[in-house]
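Start counting the sequence shown at 2; every next residue gets the next number (the numbering used here).
Just so you know, the hints here were simulated from the structure itself, not pulled from any lab data.
Keep in mind that a hint or two might mislead.
Said to hold, decoys possible - 25 Å max Cα-Cα, derived PhoX-like pairs, lysine-lysine:
#1 K198 / K261
#2 K175 / K198
#3 K157 / K54
#4 K175 / K157
#5 K175 / K164
#6 K198 / K164
#7 K164 / K239
#8 K239 / K198
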Amino acid sequence: MTTMALAALLQQADQSEGAASLEQLLDALTSAPALRTLVIVVLGLPIVYLASKWLRTWITGLMTPQAGLVAGRLAFYLGMAILLITSLNELGFSLAPLLGAAGVLGIALGFASQTSVSNLISGIFLIAERPFVVGDLIEVGGVTGFVLSIDSISVKLRTFDNKMVRIPNETMVKSQVTNITRFPIRRLDVLVGVAYKEDVARVRRILLEVAQRNPLALMEPEPIVVFEGFGESSIDFKVGIWTTRQNFLAVKNGIQAEIKAAFDEAGIEIPFPHRTLYVGTATEAFPVQLVEGGAESGAGATPER
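I would like the entire structure built from these sequences, with the hints used as guidance.
Structural data, given as structure tokens:
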């Protein structure tokens, strides 16, 4: 065997030993429970986050934002639970004692947090009944705002002045909730009073013309004018105008100014309270008696006016 061939064999043997040593090192590293747990956590967290986000987006496009929010959160919590159980199993923890301890702890927490449990059950009812969804404008307990989220414990609203209001689910179930944007169209009712001297038929005709001329008012259902009755100092009418929910505020701001301009042009009086201060001599002034020297001398005093 030549010297060159012997050198080649020695080099090949060294490479084989190096590869075997590297393989043994990798096996030793990957067999360590802590390292496997670290790999599971590092790879699992982004996967759980991206999967829950994708599921939320997909369910939102397929159904509603509320359903997407619930599905995304359920997927996130389920993924985190799987990661936790897998990590504990890799570290050598027995799950049976942990589950037993969790059951006892859950019973204790259940007695200590009855309000939270009630809110949780109420949240399930809200999700199942769906009286409103994320993005709706609702009114509850004197608070009006857009629904930001429907969580397991509470509902969060954003008011018109950009405040966040948190209302417990139990309160939502027990209270009267008005969903303002549930239907695509709404009716705006405007109360108008005119003087008793005005012609009722003429006033109704002018109000109906103003409503029909408004470009944002719907013709189906058509506007209506209702004679409400005789007020204290005016004849009262109600103008009902249908419009889309997106144009409701614009119609509310514009129609009243248009009614005022139409009444001014037609010479129709909108009454307001009048007060008259009368100073006359129809009655005598209230007599005032000056008493000097006490009660005894007051009997003979002369009244002054």
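Each hint tested on the structure:
| no. | hint | verdict |
| --- | --- | --- |
| 1 | K198 / K261 | 17 Å, holds |
| 2 | K175 / K198 | 49 Å, violated |
| 3 | K157 / K54 | 20 Å, holds |
| 4 | K175 / K157 | 16 Å, holds |
| 5 | K175 / K164 | 23 Å, holds |
| 6 | K198 / K164 | 48 Å, violated |
| 7 | K164 / K239 | 34 Å, violated |
| 8 | K239 / K198 | 18 Å, holds |
Checked against the numbered hints above, the structure violates hints 2, 6, 7; every other hint is satisfied.
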